[in-house]
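Q: Residues per chain, in single letters:
Number of protein chains: 2
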Amino acid sequence: MIDRLRKFVPVLDWGRTYDGAAFSNDLVAAVIVTIMLIPQSLAYALLAGLPPEAGIYASIVPIILYAIFGTSRALAVGPVAVVSLLTASAVGQVAEQGTAGYVVAALTLALLSGGFLLTLGILRLGFLANFLSHPVIAGFITASGILIACSQLKHVLGVDAGGHTLPEMLGSLAAHLGETNPITLAIGTAAIAFLFWARKGLKPSLRNMGLGPKVSDLITKAGPIAAVVATTLVAWYFSLNERGLSIVGEVPQSLPPLTMPGLEPDLIAALAVPAVLISIIGFVESVSVAQTFAAKKRQRIDPDQELIGLGAANIGAAFTGGYPVTGGFSRSVVNFDAGAETPAAGAYTAVGLAIAAVALTPLIYFLPKATLAATIIVAVLSLVDLSILKKTWNYSKSDFSAVAATILLTLLLGVEIGVATGVAISVLMHLYKTSRPHVAEIGLVPGTQHFRNINRYKVETDPSVLMLRVDESLYFANARFLENLILVRVTEGCGIRNVVLMFSAVNAVDYSALESLEALNDRLRDMGVGFHLSEVKGPVMDRLKTAHLLQHLNGRVFLSQYAAWTALADRPSEPHEPVMADEMC
Amino acid sequence: MIDRLRKFVPVLDWGRTYDGAAFSNDLVAAVIVTIMLIPQSLAYALLAGLPPEAGIYASIVPIILYAIFGTSRALAVGPVAVVSLLTASAVGQVAEQGTAGYVVAALTLALLSGGFLLTLGILRLGFLANFLSHPVIAGFITASGILIACSQLKHVLGVDAGGHTLPEMLGSLAAHLGETNPITLAIGTAAIAFLFWARKGLKPSLRNMGLGPKVSDLITKAGPIAAVVATTLVAWYFSLNERGLSIVGEVPQSLPPLTMPGLEPDLIAALAVPAVLISIIGFVESVSVAQTFAAKKRQRIDPDQELIGLGAANIGAAFTGGYPVTGGFSRSVVNFDAGAETPAAGAYTAVGLAIAAVALTPLIYFLPKATLAATIIVAVLSLVDLSILKKTWNYSKSDFSAVAATILLTLLLGVEIGVATGVAISVLMHLYKTSRPHVAEIGLVPGTQHFRNINRYKVETDPSVLMLRVDESLYFANARFLENLILVRVTEGCGIRNVVLMFSAVNAVDYSALESLEALNDRLRDMGVGFHLSEVKGPVMDRLKTAHLLQHLNGRVFLSQYAAWTALADRPSEPHEPVMADEMC
Numbered sequence: 001m002i003d004r005l006r007k008f009v010p011v012l013d014w015g016r017t018y019d020g021a022a023f024s025n026d027l028v029a030a031v032i033v034t035i036m037l038i039p040q041s042l043a044y045a046l047l048a049g050l051p052p053e054a055g056i057y058a059s060i061v062p063i064i065l066y067a068i069f070g071t072s073r074a075l076a077v078g079p080v081a082v083v084s085l086l087t088a089s090a091v092g093q094v095a096e097q098g099t100a101g102y103v104v105a106a107l108t109l110a111l112l113s114g115g116f117l118l119t120l121g122i123l124r125l126g127f128l129a130n131f132l133s134h135p136v137i138a139g140f141i142t143a144s145g146i147l148i149a150c151s152q153l154k155h156v157l158g159v160d161a162g163g164h165t166l167p168e169m170l171g172s173l174a175a176h177l178g179e180t181n182p183i184t185l186a187i188g189t190a191a192i193a194f195l196f197w198a199r200k201g202l203k204p205s206l207r208n209m210g211l212g213p214k215v216s217d218l219i220t221k222a223g224p225i226a227a228v229v230a231t232t233l234v235a236w237y238f239s240l241n242e243r244g245l246s247i248v249g250e251v252p253q254s255l256p257p258l259t260m261p262g263l264e265p266d267l268i269a270a271l272a273v274p275a276v277l278i279s280i281i282g283f284v285e286s287v288s289v290a291q292t293f294a295a296k297k298r299q300r301i302d303p304d305q306e307l308i309g310l311g312a313a314n315i316g317a318a319f320t321g322g323y324p325v326t327g328g329f330s331r332s333v334v335n336f337d338a339g340a341e342t343p344a345a346g347a348y349t350a351v352g353l354a355i356a357a358v359a360l361t362p363l364i365y366f367l368p369k370a371t372l373a374a375t376i377i378v379a380v381l382s383l384v385d386l387s388i389l390k391k392t393w394n395y396s397k398s399d400f401s402a403v404a405a406t407i408l409l410t411l412l413l414g415v416e417i418g419v420a421t422g423v424a425i426s427v428l429m430h431l432y433k434t435s436r437p438h439v440a441e442i443g444l445v446p447g448t449q450h451f452r453n454i455n456r457y458k459v460e461t462d463p464s465v466l467m468l469r470v471d472e473s474l475y476f477a478n479a480r481f482l483e484n485l486i487l488v489r490v491t492e493g494c495g496i497r498n499v500v501l502m503f504s505a506v507n508a509v510d511y512s513a514l515e516s517l518e519a520l521n522d523r524l525r526d527m528g529v530g531f532h533l534s535e536v537k538g539p540v541m542d543r544l545k546t547a548h549l550l551q552h553l554n555g556r557v558f559l560s561q562y563a564a565w566t567a568l569a570d571r572p573s574e575p576h577e578p579v580m581a582d583e584m585c
Numbered sequence: 001m002i003d004r005l006r007k008f009v010p011v012l013d014w015g016r017t018y019d020g021a022a023f024s025n026d027l028v029a030a031v032i033v034t035i036m037l038i039p040q041s042l043a044y045a046l047l048a049g050l051p052p053e054a055g056i057y058a059s060i061v062p063i064i065l066y067a068i069f070g071t072s073r074a075l076a077v078g079p080v081a082v083v084s085l086l087t088a089s090a091v092g093q094v095a096e097q098g099t100a101g102y103v104v105a106a107l108t109l110a111l112l113s114g115g116f117l118l119t120l121g122i123l124r125l126g127f128l129a130n131f132l133s134h135p136v137i138a139g140f141i142t143a144s145g146i147l148i149a150c151s152q153l154k155h156v157l158g159v160d161a162g163g164h165t166l167p168e169m170l171g172s173l174a175a176h177l178g179e180t181n182p183i184t185l186a187i188g189t190a191a192i193a194f195l196f197w198a199r200k201g202l203k204p205s206l207r208n209m210g211l212g213p214k215v216s217d218l219i220t221k222a223g224p225i226a227a228v229v230a231t232t233l234v235a236w237y238f239s240l241n242e243r244g245l246s247i248v249g250e251v252p253q254s255l256p257p258l259t260m261p262g263l264e265p266d267l268i269a270a271l272a273v274p275a276v277l278i279s280i281i282g283f284v285e286s287v288s289v290a291q292t293f294a295a296k297k298r299q300r301i302d303p304d305q306e307l308i309g310l311g312a313a314n315i316g317a318a319f320t321g322g323y324p325v326t327g328g329f330s331r332s333v334v335n336f337d338a339g340a341e342t343p344a345a346g347a348y349t350a351v352g353l354a355i356a357a358v359a360l361t362p363l364i365y366f367l368p369k370a371t372l373a374a375t376i377i378v379a380v381l382s383l384v385d386l387s388i389l390k391k392t393w394n395y396s397k398s399d400f401s402a403v404a405a406t407i408l409l410t411l412l413l414g415v416e417i418g419v420a421t422g423v424a425i426s427v428l429m430h431l432y433k434t435s436r437p438h439v440a441e442i443g444l445v446p447g448t449q450h451f452r453n454i455n456r457y458k459v460e461t462d463p464s465v466l467m468l469r470v471d472e473s474l475y476f477a478n479a480r481f482l483e484n485l486i487l488v489r490v491t492e493g494c495g496i497r498n499v500v501l502m503f504s505a506v507n508a509v510d511y512s513a514l515e516s517l518e519a520l521n522d523r524l525r526d527m528g529v530g531f532h533l534s535e536v537k538g539p540v541m542d543r544l545k546t547a548h549l550l551q552h553l554n555g556r557v558f559l560s561q562y563a564a565w566t567a568l569a570d571r572p573s574e575p576h577e578p579v580m581a582d583e584m585c
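Keeping their order, the protein sequence lines are chains A and B.
Using UniProt numbering, the letters of the first sequence correspond one by one to residues 1 to 585.
Using UniProt numbering, the letters of the second sequence correspond one by one to residues 1 to 585.
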C-alpha cells in the first residue's frame, strides 16, 4: 500500500533521506534560479499575450505540485517558449488579447491540458508521445523558434502588429514599419546586442580574468537580469514611457490568486484540440529534458509518472492565475548547474518567486517590454537549427520530407497544422515502407551455417529450393503484396520443388497475414511445391500454434535455416505432381 | 510505345489472339449472364434508392469500359449490394429519394468515385487498399449484409420505413408495423422461402434427377428469374397493384441516356468523402474477386490497372444514367461458371442488357418490389458470416477488437463510421505493437551456429557478453523505448563488458532510431562497455553507412551472430574502465 502510494507520490520516497547537505545545496540553487526566472517568466507571459504577473504565478504552485508528483530531480517546471506560443495561438482564436476572457481562456487551456496529461498518466499511455519522431520534433522546435522571434519583433520596433503565421507576421510588421518608435528600437536592439555578447563573448572574457568555469557560467546566465536592471533604470531615469516606450507598468502585489477557469461547453470544445497538442508537445519537451539530466546523474525517469506530475502542475496553474506549463530546458539547466539535488529546490524557488510577486513587482514598473522581447528573441534563436534538414536529407528522404513539411507548414500555416502534418507524414511513411517489404533470396555463406542475400554475397544455392527471407513483420498492409510476390517468384523459377520462408525478421503475423499464408500454402500444394518455414520466433510460433496453418502445412517448420538447407537441398522432395512447376519453365 | 499502350489498354493484348472458339464461349456466357443480371440490376437500383432502370444502365457502358481497360478476364462489373447501400447512405444525405436531385447526386458520386480510382491508378497507388485488413473487410461485409437485409424488410412488409443504421431501421419498421400490407407480405415471404429453397434444396434435387453438376448449378442460379416471372404474372393476373402491392411500374424503354452529373462545389464537397470510401471498398471487393478467379486460371491481376479499369467504368456510369459500380462476386461467379473466356463476354452482356432495356422493360411493369427485396435479402444473407469473430478471438485479440468494432459501429452508427473506425483501429494496434517490441536475450544452441531466446531454449551464454535480438524495425515509435530497455538491462546485469545487438529482425532504422543508437553508443562507451551489431541486413547497412554511427561505433559489426560470439565470448574485451558496470552489481 505504502509502496504503491510512493510510486504515485515520489516525494514520499526521496523525502525520507533528505538531509542538511541536500537542504543547503537546494537552497543555494533556489536563490540563483529565482533571480534567473523572474525576467524569463515575465517575458513568456508577454509571449503568451497575458499580463506579466501570469508568468510569475505560473511558476509558483506548478513547481510545488511537480516537486510532489514528478520523478525528475532536476526538471524545473513553468512557462516555456513553445508552450507560450501555442497558448497565444489557441487562446487568440477564442478571445481578444487584453480582455478578461483571454485570461480565463488561458486558465481553461491549462485545466484541459492538465486533465488530459493526468488521464494519460493514470492510463499509462505515455508511449503515445513516441509518435512524435525526432525529426518532427526538431523541425517543429526550429520553426517555432523562428515564429517566436518574429512575434517579438513588434515589441522591439514598438509597433502594434499581429498574426500567427510567418507571412501574417511579416505582412503586419511591414504594414506598421512606419510607426516604429526610435527609443523602443534603440532599447530593444541594445538589449539584443548585449544579450548576444553575453552569450558568446562574456564567458571567455570572464575565464580570461581568472574566474572559475562554474562562476563564469552563472554570471553569463545572469545576462538577462543585467539587461532588465539596466534598461529599467534608463527607462525610469529618463521617463521614457512618456516618449512612447512600452513598459510593463503596474503589476499587482499579491500571492498567486485563486482563479476559476471558464467551463462553458463552447469554450472547452474550442480549446480541446489545442489542449491535446500543447499537452503532448509539452510532455515530449519535458521528458526529453528530464531524461537528459537523469542520464547525467544515472537516475531513472518514469514517463507515465511524469504525465501525472505535469498534469498536476497544469491543473495547479489553472486555479492560481497561471497558464499551461511544462518542464523547460533553459530553466532546468540553470537549476542543474546551480547544484539542485532534489525536487525540494523547486519548492524553495517557488517560495522565492512568491516573495518576489509580493515585494518586487513595484520595481519592474519601468521595465521596457522591448527588453523582455529581446530576452525571448535571443533565447529562442538558439533553438533554431536547420542542420536537421541536411542530416535527414543525407540519411533518409522520408525523414527529410517529414521534417521539411513540419517546418514549412508550421511557418506558413501555424503550429497546430505543422505538427499534425509532421506526425501524419511520419506514420504514413512508416506504413508505406512496411507495406512493400524487402524480400531477399538467400543462400548459404560457404563454410558457415549462415545465409545471406544471393545478390550481395557469394553463396551456395540449390535451384530446386527457393529460400526467401522476408524482411518485415507480416500484417494486413503487406499480406497480399507478399502472397503475390512469392507466387510470382515460384511460377517464374524453374524446377522449384520447395519454398522455405526464413522468418528471422518476421516479428508478428496478424490475422490477415495468416490468411495469406494459408492461401499461399494451398496454392503451392496445388502446384506440387513444398512450403516450409524456418527460424520462426517464439512469440510468432505461439500465435501460429493457435491457428490451423501448421497442421495443414505442406512442409515443415525448421529450427534454423541451416536445418532446412540440410534437409531439403540436393535432394528432391516427395514428387507431389511437380508437373505444373515444370510446365511453367 | 505500343507495349506501353498495351499495358494501359489490355484489350490490345488479348484482342489480338481472339478467335471463333473464344467468341462462341463468350457469347453463350453472355446470354446466360444477361438473363441473370436483369433482376439483380433492378434490385440493387432499388437498394440504392434509384429508379429501376438505373441498375440496368449502370451495367451497360461500365461493362464495356472495364472490358477495354481492366485486367481480369472473369470479372463482371456493375451495381453490387454493398456499394448500392453506400450509395443510398451517401446520396440520402444530400437529396430526397425519388427526386431528380437524388438521381443527379448518384451520377456525381459515380463521377467522383471514378475520378478518384483513375487518379490512384495513374499514380500507381493501388497498395493503399491494403490498409483495409482482412478482418475489417470481413466485419464490414457481414455488418453490411445485416444492414442491407434490414433495409429491404420494408419492401417485404409493404410499409414506408427508413433509416441508415440498425436501430433507426428497426425503430422505423416497428413504428410502421401496423401498416403492413398482407398481399405484399405474402408475395415477399413466398419469394424469400422459394429463393432459400432454390439455394439449399433445389440443387441436390436436380442432381438426384440425373442432371449434370454444371446444368444443375445454372438452373439453381436462375431461381431469381423464376421468382421474378412467377410473381410478376401473379401481380398482373390479379391486378394486385390495385390492392396495395408496390410494383416497379413504368420504366422508360431506352438505351442508356446521356446524363450530366451535378458539378456544384457544395455537392462535390458533400460527396467527396463517401466517394473515397466507396472507391476503396469497391476496389478491394473487386480485386479480391478478380484475384480469386485469376488464381483458378493461373492468370495475373494488376491492381493498379484494375484501378484504371474501375475508374473508367464509374466515369462511364456517371454519364450514362448509372451510379457507382464495381466488380461483384455473384455476377462474376455466373460469368465464370457460364464459361466466359475473355472480357469480350462482358461486352456481349452489355449488348444483351441494352436490348433488354429497349425491348423488355414493359414486361416488368407488374414486377413486385417485394420480389426484388426478397432476391436482395437472400443474396446478402449469404454474406453474413459471424465466424470471423470467433476465428480472430482465438488468434489475436487485436484483430478481434478491429473486427468487433467494425461490425458494431457499422450496425449502430452507419457504414462510413464503421469502416473508418476499423481501419483506424487496425493501424493504431499495429503501431502500438511495434512501439513496444519483443527483445530476446539470446544464447548459442549447442552444436550449431544458431542463437535463440535463453528463456525458451537451452543455450550457451557468457555473462560478460549481453546478446540481444531486437524483434522489430527501429523507428520513431520504438526508438526511445529500446534505448531505455537496453540501458536498463546493461545497468542491471553484472560484469557485462560487451553488448551485441543482433539485427536479423531489424528491417529498417529511421533517423530517430539512428539518434537513439548514437546516444546508446555514447552511453555504453562512458560505461566502458563495447557496443556491437551483428547480422545487419544489406539495405540497413547501406543506410547506416551514410551516417556517422559506424565510424564512432564502440565495437564492431559482425557478419553473423556466431562470428560475434567467437570473437567476444570467454575473452574479456579491452578493459576501457569497466568500473562503472561493476559498481552497478
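Take these hints with a grain of salt, some might be off.
The list treats identical chains as interchangeable, and a pair is accepted whether it falls inside one copy or across any two copies.
[Said to hold, decoys possible] Dumping the calculated DSS-like pairs for lysine-lysine here, alpha-carbon to alpha-carbon at most 30 angstroms:
| no. | residue 1 | residue 2 |
| --- | --- | --- |
| 1 | K200 | K545 |
| 2 | K397 | K545 |
| 3 | K458 | K200 |
| 4 | K458 | K390 |
| 5 | K545 | K203 |
| 6 | K214 | K200 |
| 7 | K545 | K214 |
| 8 | K391 | K545 |
| 9 | K200 | K397 |
Quick caveat, the hints were computed from the structure, so don't treat them as lab data.
Q: For every hint, state whether the structure bears it out.
A: Hint-by-hint comparison with the structure:
1. K200 with K545: neither (64 angstroms within a copy, 35 angstroms between copies)
2. K397 with K545: between (40 angstroms within a copy, 15 angstroms between copies)
3. K458 with K200: neither (56 angstroms within a copy, 60 angstroms between copies)
4. K458 with K390: Answer is neither: 36 angstroms inside a copy and 48 angstroms across each miss the 30 angstroms cutoff.
5. K545 with K203: Result: close neither inside a copy nor across copies, 66 angstroms intra and 38 angstroms inter.
6. K214 with K200: For K214 and K200, only the intra-copy Cα distance (16 angstroms) is at most 30 angstroms; the inter-copy one is 89 angstroms.
7. K545 with K214: Classified as neither: same-chain Cα gap 62 angstroms, cross-chain 39 angstroms, threshold 30 angstroms.
8. K391 with K545: Cα proximity of K391 and K545: across copies only (13 angstroms, versus 45 angstroms in one copy).
9. K200 with K397: Cα proximity of K200 and K397: none, with 35 angstroms in one copy and 58 angstroms across.
Violated hints for the displayed structure, listed by number in ascending order: 1, 3, 4, 5, 7, 9.
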